[in-house]
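Chain by chain, the residues:
2 protein chains.
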Amino acid sequence: MTRLEERIRRDGKVKDGSILKVDSFLNHQMDIGLFEDIADEFLRLFGDDNVTKILTIEASGIGIACIVAQRFKCPVIFAKKTKTKNIEGEVYATKVESFTHGQIYDIIVSKEFLKAEDRVLIIDDFLANGAALSGLVSLVTAAGATLVGAGIAIEKAFQPGGEMLRAQGIRIESLARIKSMGKDGSIEFC
Amino acid sequence: MTRLEERIRRDGKVKDGSILKVDSFLNHQMDIGLFEDIADEFLRLFGDDNVTKILTIEASGIGIACIVAQRFKCPVIFAKKTKTKNIEGEVYATKVESFTHGQIYDIIVSKEFLKAEDRVLIIDDFLANGAALSGLVSLVTAAGATLVGAGIAIEKAFQPGGEMLRAQGIRIESLARIKSMGKDGSIEFC
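Residue numbers (the numbering used here), protein chains in the order written: chain A, 1 to 190; chain B, 1 to 190.
Derived from the structure by calculation, the hints contain no laboratory data.
A couple of the hints might just be wrong.
Claimed, not checked - With a straight-line cut-off of 30 Å between C-alpha atoms, the simulated BS3-like cross-links for lysine-lysine are:
| hint | chain 1 | residue 1 | chain 2 | residue 2 |
| --- | --- | --- | --- | --- |
| 1 | A | K95 | B | K95 |
| 2 | B | K183 | A | K111 |
| 3 | A | K21 | B | K13 |
| 4 | A | K15 | B | K81 |
| 5 | A | K21 | B | K21 |
| 6 | A | K13 | B | K115 |
| 7 | A | K13 | B | K111 |
| 8 | B | K183 | A | K95 |
| 9 | A | K21 | B | K15 |
| 10 | A | K115 | B | K21 |
| 11 | B | K21 | A | K73 |
| 12 | B | K13 | A | K13 |
| 13 | B | K81 | A | K81 |
| 14 | B | K183 | A | K179 |
| 15 | B | K21 | A | K95 |
| 16 | A | K111 | B | K15 |
| 17 | A | K21 | B | K95 |
| 18 | B | K81 | A | K13 |
| 19 | B | K21 | B | K111 |
| 20 | B | K13 | A | K95 |
| 21 | A | K73 | A | K111 |
| 22 | A | K81 | B | K13 |
| 23 | A | K81 | B | K15 |
| 24 | A | K183 | B | K111 |
| 25 | A | K13 | B | K21 |
| 26 | A | K111 | B | K81 |
Bound-form chain A, shown alone (with noise of 0.2 Å):
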């Protein structure tokens, strides 16, 4: 997707040659508008699968999501990280490792919004080891629900997730694929 491309190589912060720092219109600060142009990619991608729910991770894959979901006229789903007094009765869970926090933790889900019957659309912002889109794959797959793919906003197409999950038959659209970022700060798009 043009638009988004040309956004991180305008705003993309490139560190030590492996981090992108977004955070200027993705994942801290949310530039609506950008995020009404991925909705409408996901939707000529996605909008003849049916979807009933969107299924997204807390908290950076919310704001996508929720713009998303009104292109689908679909409620959203947000994974959320840890267990809180909110959260009570039955949930599906599995663990996560999470590359940019360096730790191990729980995502879950409440069984009564994730059902059988439901065709899920995952949305994320980021691609990378996998490990969160993994996890909520789990999730879909643990409640017995369909699995419709994959939105994710940047793929950084040199690490290992994409394949990963592309090799087990999932269907993932990158709007934007990251084949190499330099020491420099150069970015190389797929």
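Following the hints, complete the assembly by docking chain B onto the known chain A.
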């Protein structure tokens, strides 16, 4: 706001007479159509205040904030609860004590995205003891920005946050104000 009050009555669940679970439409599963009505109401209330930034806090405020920002045609910033590898450099920070989680944590916003010339509308899903909102106000003050006010979906008016912050001269608009909740699950609005 009638539609929100009706939804709380229909789908909200009162636990132990003090906890209100609205996770079927507000803060786990999210009803984007309802968020659009909420956003329209905040636009009616704050639409003449030249808002330049919507500020919220992860995670459950992000969804509503994004739909509100769509109306105001301005970016969202969400305060983060922990310092991650992906935020570095100068941040505004303050401590918040969570009622839900029973712990104290730091919230931070990058100085890059909150400027003295900004006119900030804070958006959040809940106001109870006012800890999170008070923290967000501190961040706005630290930036020297103008606080337009706070738009809250649900205020537990029987807890002290709203009164405390209004006494400081902060304009708070809550779309559903709960006067009391009974151990029998009943909900009375102001």
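Now the hints, each set against the structure:
About 28 Å separates the Cα atoms of A:K95 and B:K95, which keeps this hinted pair within 30 Å; it holds. A threshold of 30 Å between alpha carbons decides the hint, and for B:K183 with A:K111 the separation of about 25 Å falls inside it, so the pair holds. With a C-alpha separation of about 40 Å, the suggested pair A:K21 and B:K13 falls outside the 30 Å cut-off, and the hint is violated. Simply put, A:K15 and B:K81 have alpha-carbon atoms about 22 Å apart, close enough for the 30 Å limit, and the pair holds.
Simply put, A:K21 and B:K21 have alpha-carbon atoms about 35 Å apart, too far for the 30 Å limit, and the pair is violated. Of the pairs offered as hints, the one joining A:K13 and B:K115 holds, with about 20 Å between alpha carbons and a cut-off of 30 Å not exceeded. Annotation: proposed proximity of A:K13 to B:K111 holds, straight-line Cα distance about 16 Å (limit 30 Å). Distance check on the hinted pair: B:K183 and A:K95 sit about 35 Å apart at the alpha-carbon level, beyond 30 Å; violated.
Our distance criterion of 30 Å between C-alpha atoms is broken by A:K21 and B:K15, whose separation comes to about 41 Å. With a CA separation close to 20 Å, the supplied pair A:K115 and B:K21 stays within the 30 Å bound. Straight-line distance between C-alpha atoms of B:K21 and A:K73 comes to about 23 Å, which keeps the hinted pair within the 30 Å bound. Of the pairs offered as hints, the one joining B:K13 and A:K13 is violated, with about 44 Å between alpha carbons and a cut-off of 30 Å exceeded.
A distance of roughly 13 Å separates the Cα atoms of B:K81 and A:K81; the hinted pair therefore holds under the 30 Å criterion. Straight-line distance between C-alpha atoms of B:K183 and A:K179 comes to about 57 Å, which puts the hinted pair past the 30 Å bound. Between the alpha carbons of B:K21 and A:K95 the distance comes to roughly 25 Å, so the proposed pair stays at or under 30 Å and holds. Under the criterion of a C-alpha separation no larger than 30 Å, the hint pairing A:K111 with B:K15 is consistent with the structure, at around 19 Å.
Pair hint A:K21 plus B:K95 holds up; C-alpha atoms about 25 Å apart against a cutoff of 30 Å. Restraint check: the Cα-Cα separation between B:K81 and A:K13 comes to about 22 Å, which is no more than 30 Å; the hinted pair holds. Between the alpha carbons of B:K21 and B:K111 the distance comes to roughly 34 Å, so the proposed pair goes past 30 Å and is violated. In summary, the hint linking B:K13 to A:K95 is supported, as the alpha carbons are separated by about 28 Å, within the 30 Å threshold.
In summary, the hint linking A:K73 to A:K111 is supported, as the alpha carbons are separated by about 21 Å, within the 30 Å threshold. Taken as a hint, the A:K81 and B:K13 pair is honoured in the structure, with Cα atoms around 22 Å apart against an allowance of 30 Å. At most 30 Å may separate the alpha-carbon atoms for a hinted pair to count; A:K81 and B:K15 meet this at roughly 22 Å. A distance of roughly 25 Å separates the Cα atoms of A:K183 and B:K111; the hinted pair therefore holds under the 30 Å criterion.
Restraint check for A:K13 and B:K21: the C-alpha separation of about 40 Å exceeds 30 Å, so the hint is violated. A C-alpha spacing of about 27 Å is found between A:K111 and B:K81, which places the hinted pair at or below 30 Å, so the restraint holds.
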